[in-house]
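Here is what each chain is made of, one letter per residue.
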Amino acid sequence: MFNGTSTFVEGVDNAFLFIVVISLILLIVLTFLMVYFIFRYRKERNPVASQIEGNVTLEVLWTVIPGILVLMMFWYGWKAYTPMREVPEDAMVVKAVARMWAFSFEYDNGKKSDKLVVPINKPVKVVLEATDVLHAFYIPAFRVKQDMVPGNPQYVWFSASKTGSYDIFCAEYCGTLHSAMITKVEVLEETDYQAWYEGSALAGDEPVGLKLLKDNACISCHSTDGSQLVGPTFKGLFGKTHKVVSNGVEKEIVADDAYLMKSITDPASDVVVGFPAIMQPYQLPDSSLKSMVEFIKTLK
Amino acid sequence: MSETVLKAGSAEPQYQPSYLEMETKHKGILSWILATDHKRIAQLYFFSMMTMFLIGALIGVLIRIELMAPGRTIMDAQTYNGFFTLHGIIMIFMFVIPGLPAVFGNFVMPIMIGAKDVAFPRVNLLSWYLYVIGGIIVLTSQFVGSGPPDGGWTFYAPYSVKSAANIGMAAMGAFFLGFSSILTGLNFLVTIHRMRAPGMSWDRIPLFVWSLYATGWIQILATPVIGITLVLIVFERVFQLGFFDPAFGGDPILYQHLFWIYSHPAVYVMILPAMGAISEIIPTFAQRTIFGYKAIVASSLLIAFVGYFVWGHHMYTSGMSDTAKWVFSFITFLVAIPSAIKVFNWVATLYKGSINIQPPLLYAVAFMFTFMIGGFTGLIIGAVAQDIHLHDTTFIVGHFHYIVFGGTGFAFFGALHYWYPKMYGRMYNIKLANIAWGLFFFGFNVLYFPMFVAGYMGMPRRYFDYLPEFYIPNLISTMGSWFLYAGIILMIYNLVKSRKTGAIAPANPWHGVTLEWSIQSPPTYENFDEIPVVKDGPYKFK
Ligand SMILES: [Cu+2]
Ligand SMILES: [Cu+2]
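Taken in sequence, the protein lines are chains R and B.
One point on numbering: in this note's numbering, the residue at position 25 of the first sequence is 25, and numbering is uninterrupted.
One point on numbering: in this note's numbering, the residue at position 443 of the second sequence is 743, and numbering is uninterrupted.
These are computed hints drawn from the structure, not numbers from a lab.
Incorrect hints may appear among the rest.
Calculated cross-link-like contacts (lysine-lysine; reagent style PhoX-like; alpha-carbon spacing at most 20 Å) [said to hold, decoys possible]:
no.	chain 1	residue 1	chain 2	residue 2
1	R	122	R	214
2	R	95	R	214
3	R	214	R	243
4	B	731	R	43
5	B	652	R	43
6	R	125	R	162
7	R	43	B	840
8	R	122	R	95
9	R	297	R	214
10	R	43	B	800
11	B	800	B	731
12	R	297	R	112
Just a few of them, taken from the derived set where beta-carbon distance is under 8 Å, the chain R residues facing chain B [unchecked claim]:
no.	residue
13	25
14	52
15	84
16	134
17	138
18	144
19	179
20	180
21	298
22	299
Ideal placement from N, C-alpha and C gives every residue a C-beta, glycine not left out.
Only chain R is shown next, with the shape it has when bound in the complex (with noise of 0.2 Å):
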């Protein structure tokens, strides 16, 4: 379906199809079976049953060969599952973090991004965590998925044997955008990899603010044009006056600086009215924080 776009696409189908065709193949046989024997033997052409009790020849048979497909399928399914655990010892690591509702990708240079980026034909190991609650790391075109547990790292590997983008979901249910928990991997060649992991082709002239709202998920609750999502958007925020609910107590608060830092380290202590405590606290060095209210203030 994908042919052959990771290194466990071909085993992963060839396991499948082997369960198809046999399934296919008793499917056929035995509802054929049912609905001739059904009109076959209907009462207006078979006034007098026979009371046949079992038949011990049979009974075995259907047994013992049906015993013996399963365990077939399950040797294939087992087969073919083993590669994805063998991690090649050159693999290039990248760590995954997944939070409501958005994934992170760090790469050892300290470079960050929001999509995968990976080179051809080279293994990635990639480690998943999680900060909030379960999430699941699936890209359906290369045939892996694993759960990401907070404070249990996981990990996948593939290598990607095609250039293009393929799609990243979010499979475990985390909450009200679980749907949109969804991003890319762009397997690029490798002299484009390099350049993007180098920092100079891709990354573009966006302000150091929006990157690091991008980078750390951010913008998935957030939206920066105005609209409705899960939490306040960022347009026109600054400056405003505000109902929060703080301890349970409504009161104003003005959208200043450090109201607004205070939302990103300590987002329960003062919710905005209308929308739903669940976000999580974020661990930023000041200098990010800084940023990240700077371009919000442009945001008018």
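We have chain R already, so just place chain B with the ligands on it with the hints.
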């Protein structure tokens, strides 16, 4: 019922007041909600479950409309999340788990073994009350507190611990429903052990009763685990104790183990009685003895036993060890064998029968077809490598609807068409029943089959919105749901209407040979004037 109709319709020389008309201590509605007669309790369950089923199905149709096209169609994301959660809780805990045991088990099981009632009639009524209390709590959780529960019927931690939505209350509701199930199982086990008519040795018990027996053991052994697990969730939410949430030092994977230790065997609570009902319907409409009685009994017991050790197949991607994956996958494939044996036996029972094509048989055929597809797709996801790809996609949704709705659902409605004349003494319109069945069966396949396609393409489940590449299978699926719903409505219309105006049914319209067909329709209070003596196996046709 008027006097003349009774005389014309009754096969027995003297018709006695049935359980529907009998004199009781209480009058009116009280004579029902305080009833201890197993047949009246069956009716209580039947009406409460059908109400829940229709609500659940309506929510299902709304979910399908939302998914008809990418983007928002008729509701927002959080409403959708609440809806699929409610749909799951209602259908699983309030329809398919109580399912056939609570309605048909209660109604015919005591009669089939020649008993006057179950062993503990008042406990039986208590089970129904627990069911109602649990149901009310779950429904209330939708309207009070901090928003309808989301996260699905599986309540996975730590989301269920952290979510602001009203999950604690829904979990308590499910806790009550669990107790209802335990008490029903216990009651049936004791009844089957202690109250069989003289001469009904273990090898003469009808197969539906055998399936309830196997189910009873699962209910009393597995259900307490889910009860405790749900209580732990509530404790964790209220007192911040660290069982499952790593933020408090807990382990989310432990939750999944505890949850599936119950919830996989629960699948057999749903499907075994369904298989039992099919094993009654097929011999009656083939007018011949069942093929391989002992093999069917043995496979029920094997499924119930081996079914305890396969729960890990829900967790291949959870992060549990590879050894565990190997073992759970292996045992999962083993449990496929007894299920396959049953299908072979049913098909063989049709061979050289004298087949009377009637609605219950059509439902049995639909059951076998959908159950096979459910079973075969189960093999696909029982294999570790494929499940890595397909886990948490719509493939899984398709698979378990084929088993739980295609399997248990068709068996439930098949059993309903089979025992309907016994329950009410009236016959429904056969032609209309056939048309409804056709719509139901057609709609069912159009609804659920495309989910396998979307799932293999990679569409995750519990998605409010999806990418354009998944549009076509979703659109087809949604259209299927309309046929399915039309079929259900037509079926219910037919059954409700015939309850008052259907032709009077004779005591044994299908020429069945199990004990329930030997007494009048509808049966009297305590069923038998004289306890029958059983001299032979259950399916001796002439
Ligand atoms: Cu997620
Ligand atoms: Cu299972």
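Going through the hints against the structure:
1. 122(R) / 214(R): The given pair, whose Cα atoms are some 27 Å apart, is violated under the 20 Å limit.
2. 95(R) / 214(R): holds (16 Å)
3. 214(R) / 243(R): Cα-Cα ~26 Å, so violated.
4. 731(B) / 43(R): holds (18 Å)
5. 652(B) / 43(R): holds (10 Å)
6. 125(R) / 162(R): Holds. Residue 125(R) to residue 162(R) sits at ~17 Å (cutoff 20 Å).
7. 43(R) / 840(B): holds (18 Å)
8. 122(R) / 95(R): holds (16 Å)
9. 297(R) / 214(R): holds (16 Å)
10. 43(R) / 800(B): Answer violated: residue 43(R) to residue 800(B) is near 31 Å, above 20 Å.
11. 800(B) / 731(B): The given pair, whose Cα atoms are some 18 Å apart, holds under the 20 Å limit.
12. 297(R) / 112(R): violated (23 Å)
13. 25: With Cβ-Cβ at 10 Å, over 8 Å, it is violated.
14. 52: holds (6 Å)
15. 84: Constraint on residue 84(R) satisfied, holds at 7 Å.
16. 134: Constraint on residue 134(R) satisfied, holds at 6 Å.
17. 138: holds (7 Å)
18. 144: holds (7 Å)
19. 179: Where the cut-off is 8 Å and the nearest Cβ of chain B is about 4 Å from residue 179(R), the hint holds.
20. 180: holds (7 Å)
21. 298: violated (29 Å)
22. 299: Cβ of residue 299(R) sits 24 Å from chain B, so the hint is violated.
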